[in-house]
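**Q** Could you slot chain W onto chain B? The hints should help.
Chain by chain, the residues:
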Amino acid sequence: MAKRDIPEINAGSMADIAFLLLIFFLVTTTMDRDKAYIRPIPKKVEITIPPEPIQKRDICKIVANSANQLMVRDKFVEDPDEISELVLEWYRKNEDLTAAETASAALNPQHPGFEFPFYNRFGMAEIDQNIERTTKEAEEIEKVEDADPALIEYYWAKVSEWEKKKKALKLYGKSELPEISPQAHIRIEVQIKTGYEYFAKIQSEIEEALFELRDDASQELWGFGYGRIITTLGNEPTDAEFNAKKTLLEALYPARIIEVTPKK
Amino acid sequence: MSKFKKGGKKEAPGVNTSSLPDIVFMLLFFFMVATTTKDADPSVEITQPTGVRAEDMTPFKQRSEIDFLYIGVPRNKARQDDFKFGYALFLDNVAQPSPGELYSVNTVRRWKLDKFEAKPDRMQQPLKEVITCVKADEKAPTGIIFDIRKELQEIEALKLAYAVKDNGNY
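Protein chains in written order, with numbering that gives the first Met the number 0: chain B, 0 to 263; chain W, 0 to 169.
It is worth saying that the hints were derived from the structure and are not from the lab. Worth double-checking, as some hints may not be accurate.
[Said to hold, decoys possible] Chain B is nowhere near these chain W residues, computed Cβ spacing over 10 Å in every case:
1) Glu-10
2) Ala-11
3) Val-14
4) Val-72
5) Arg-74
6) Phe-82
7) Thr-106
8) Trp-110
9) Asp-120
10) Pro-125
11) Leu-151
12) Glu-153
[As the list claims (entries may be wrong)] Heads up, simulated EDC-like pairs for lysine to aspartate or glutamate below, C-alpha to C-alpha not over 16 Å straight-line:
13) B/Lys-43 x W/Glu-155
14) W/Lys-60 x B/Asp-31
15) W/Lys-149 x B/Glu-45
16) B/Lys-42 x W/Glu-153
17) W/Lys-164 x B/Asp-31
18) B/Lys-192 x W/Asp-146
19) B/Lys-245 x B/Asp-214
20) W/Lys-158 x W/Asp-55
21) B/Lys-245 x W/Glu-54
22) B/Lys-192 x W/Asp-136
23) W/Lys-164 x W/Glu-64
24) B/Lys-43 x W/Asp-146
25) B/Lys-43 x W/Glu-153
26) W/Lys-127 x W/Glu-116
27) B/Lys-60 x B/Glu-45
28) B/Lys-262 x W/Asp-146
29) B/Lys-74 x B/Glu-188
30) W/Lys-118 x W/Glu-64
31) B/Lys-42 x W/Glu-155
32) B/Lys-165 x B/Asp-127
33) B/Lys-43 x W/Glu-150
The structure displayed is predicted, hence computed values, not measured ones. By construction, the Cβ of each residue, glycine as well, lies at the ideal position given by its N, Cα and C atoms.
One chain only, chain B, in its complex shape (with noise of 0.2 Å):
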């Protein structure tokens, strides 16, 4: 049989077909990444309960009024990019007081801190009998009959706190662990028509400051900034490590945001 010689496949509209291709993606994708503030919507509660009074100095209030003007604990802000150092005033002013000063200036209105939200300290054998205490009541409200799951969830809620907290102080490696007063929020309240502007630059403000926070805590606890653990988490999001670290800088400046729905 005569040996036949396999014709070549003309390839010159490979480049048309390619074109085609690279044309469709331009067209319907973008570069530009999509950024946004994640925010949790609190449950609806049908029982209410009469809330716990809270302290002034435990709630950083920051108001937009319909006419888009500011206000950061009842003092007027002209320049919106002030509010992310009100909001680190306020989570830092009473951060390094041990115990007994924070004990002295609670009692005492001339004190600076005494406007602001005060800290809790733990050790770890005071966690520890938490987390037993806790544990005892939880499984105390499981005895009960048809005691309602809605409250077992919430006693067993409070021992994974505790547990958590330990964890987080173990990572923290000094003898206490300093958390803000359990109360103390951060509340933003609008207007119905108060920009959308105003209400996402107080949202990055709060964030900004939160940032600086806990990238000053993780530079002062393992030398490298919080922007390298988003990113690693980013990458790699179950990374045991970088969650953990993540969590104690959580625990220690929690993002408690309150907002307030308007009502005219």
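**A** Below, chain W alone, put in the same frame as chain B:
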């Protein structure tokens, strides 16, 4: 007769284009990797406010754990008066309801649940975890966002994200 041919027509040799596909494919792959797919082109105009330290939504998009919701001035200016405050809601991946219905909060609830039902089972995250990302115009009244927030609270979709333009990196 001369040994060397002079004159006559000289033809320029053709450029070898056999490596052109390779170059184009390289470009193609670059764009495939470096970009993300665009979601619906909203029919509302939005200028996003700027912010810093915002979280990147790309991982959520890739897992389709995020629904986008736009608040802006309708491109068709004649319809602007149909909406409360002159701002319209645009929900991605749905045919737009009639203008009267467009800015009605019930639409959000139905849209969110419809989108949730439409997902294949293996991709289903609990509704609580699916983020609703609000992309609003910088001048949009915040009241609209709180109306949406209340609707989401009713159906227990408890994650809301406020989109900003953030050029910085961590």
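**Q** Each hint should be assessed against the structure and marked as holding or not.
**A** Here is what the structure says about each hint:
{"no.": "1", "hint": "Glu-10", "in the structure": "19 Å, holds"}
{"no.": "2", "hint": "Ala-11", "in the structure": "19 Å, holds"}
{"no.": "3", "hint": "Val-14", "in the structure": "12 Å, holds"}
{"no.": "4", "hint": "Val-72", "in the structure": "12 Å, holds"}
{"no.": "5", "hint": "Arg-74", "in the structure": "18 Å, holds"}
{"no.": "6", "hint": "Phe-82", "in the structure": "14 Å, holds"}
{"no.": "7", "hint": "Thr-106", "in the structure": "18 Å, holds"}
{"no.": "8", "hint": "Trp-110", "in the structure": "17 Å, holds"}
{"no.": "9", "hint": "Asp-120", "in the structure": "23 Å, holds"}
{"no.": "10", "hint": "Pro-125", "in the structure": "13 Å, holds"}
{"no.": "11", "hint": "Leu-151", "in the structure": "6 Å, violated"}
{"no.": "12", "hint": "Glu-153", "in the structure": "7 Å, violated"}
{"no.": "13", "hint": "B/Lys-43 x W/Glu-155", "in the structure": "8 Å, holds"}
{"no.": "14", "hint": "W/Lys-60 x B/Asp-31", "in the structure": "13 Å, holds"}
{"no.": "15", "hint": "W/Lys-149 x B/Glu-45", "in the structure": "14 Å, holds"}
{"no.": "16", "hint": "B/Lys-42 x W/Glu-153", "in the structure": "9 Å, holds"}
{"no.": "17", "hint": "W/Lys-164 x B/Asp-31", "in the structure": "9 Å, holds"}
{"no.": "18", "hint": "B/Lys-192 x W/Asp-146", "in the structure": "12 Å, holds"}
{"no.": "19", "hint": "B/Lys-245 x B/Asp-214", "in the structure": "11 Å, holds"}
{"no.": "20", "hint": "W/Lys-158 x W/Asp-55", "in the structure": "15 Å, holds"}
{"no.": "21", "hint": "B/Lys-245 x W/Glu-54", "in the structure": "15 Å, holds"}
{"no.": "22", "hint": "B/Lys-192 x W/Asp-136", "in the structure": "13 Å, holds"}
{"no.": "23", "hint": "W/Lys-164 x W/Glu-64", "in the structure": "20 Å, violated"}
{"no.": "24", "hint": "B/Lys-43 x W/Asp-146", "in the structure": "14 Å, holds"}
{"no.": "25", "hint": "B/Lys-43 x W/Glu-153", "in the structure": "7 Å, holds"}
{"no.": "26", "hint": "W/Lys-127 x W/Glu-116", "in the structure": "14 Å, holds"}
{"no.": "27", "hint": "B/Lys-60 x B/Glu-45", "in the structure": "26 Å, violated"}
{"no.": "28", "hint": "B/Lys-262 x W/Asp-146", "in the structure": "11 Å, holds"}
{"no.": "29", "hint": "B/Lys-74 x B/Glu-188", "in the structure": "14 Å, holds"}
{"no.": "30", "hint": "W/Lys-118 x W/Glu-64", "in the structure": "10 Å, holds"}
{"no.": "31", "hint": "B/Lys-42 x W/Glu-155", "in the structure": "7 Å, holds"}
{"no.": "32", "hint": "B/Lys-165 x B/Asp-127", "in the structure": "8 Å, holds"}
{"no.": "33", "hint": "B/Lys-43 x W/Glu-150", "in the structure": "11 Å, holds"}
Of the numbered hints stated above, those contradicted by the structure are hints 11, 12, 23 and 27, listed in ascending order.
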